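Undergrad: Spelled out, the chains give:
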Amino acid sequence: GAVVSQHPSWVICKSGTSVKIECRSLDFQATTMFWYRQFPKQSLMLMATSNEGSKATYEQGVEKDKFLINHASLTLSTLTVTSAHPEDSSFYICSAQGLAGVDTQYFGPGTRLTVL
Amino acid sequence: KNEVEQSPQNLTAQEGEFITINCSYSVGISALHWLQQHPGGGIVSLFMLSSGKKKHGRLIATINIQEKHSSLHITASHPRDSAVYICAVPHSGGGADGLTFGKGTHLIIQP
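Protein chains in written order, with the numbering used here: chain D, 1 to 116; chain P, 1001 to 1111.
Only chain D is shown next, with the shape it has when bound in the complex (with noise of 0.2 Å):
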């Protein structure tokens, strides 16, 4: 099956600093990538929509400038959260789309970051 990475599995870091995250798919292409954050307690939330090539569409309330996405590849997505604050400390979770059919979404594992 497809298989979707992400690292840093979790990050701690000083409020002020930046921090990346990378998203791989491992054995497909991914013409697509998602990110979604998940607070405590609550249910995922779409953050934005990233296309390999192109500039990523960003859900209202989200910050583009704060959170900046660059898909420079079909297996590479990054998500840099700049400038971190303890209200950005959350579990971080991509998802890819393959180029077989538009329907189909795989998770990576998530990225508990902890901004201090």
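Any given hint might turn out to be false.
[What the hints assert, rightly or not] Per the computed footprint, the stretches of chain P lying under chain D, defined by three or more beta-carbons under 8 Å from a beta-carbon of chain D, are:
(1) 1039 to 1052
(2) 1101 to 1111
[As the list claims (entries may be wrong)] Just the calculated beta-carbon pair ranges, DEER-fashion:
(3) Leu116(D) / Gly1028(P): 43 to 49 Å
(4) Glu1067(P) / Lys55(D): 37 to 43 Å
(5) Lys55(D) / Gln1066(P): 33 to 39 Å
(6) His1038(P) / Ala72(D): 30 to 36 Å
(7) Thr82(D) / Gln1110(P): 43 to 49 Å
(8) Arg1080(P) / Thr80(D): 34 to 40 Å
(9) Leu116(D) / Gly1052(P): 46 to 52 Å
(10) Glu1067(P) / Leu116(D): 28 to 34 Å
(11) Pro86(D) / Ser1026(P): 33 to 39 Å
None of these hints come from the bench; they were simulated from the model. Predicted, not measured: the structure shown is a model, and the values here were computed from it. Glycine included, C-beta positions come from ideal geometry on N, C-alpha and C.
Following the hints, put chain P in place on chain D, whose structure we already have.
TA: Frame of chain D; chain P shown alone:
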């Protein structure tokens, strides 16, 4: 934008019981996802279905497109089935959308 309602929010059952989790959504969709999330947070995709019924081991998922409703069933439940089960549908109904998630059903199976 699609809205998703799941029920029940919490469910505790005894090992061996038949489990049903329900999901309703507001906008017609191309496919619906059932996901499982364990305490560590990782998400496992259980099913993606657009019509009828799918079965994988002790898990069965059904969907009624006309009624905008899906159910996830677990037969002969086991403590290892304890997890949060989440229903998700395309944000705007289409296949190339990100997903909108239900709040999840927190399932505990007691031995």
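Undergrad: Tell me, in ascending order, the numbers of any earlier hints that this structure violates.
TA: The structure conflicts with hint 10 only, although it agrees with all the remaining ones.
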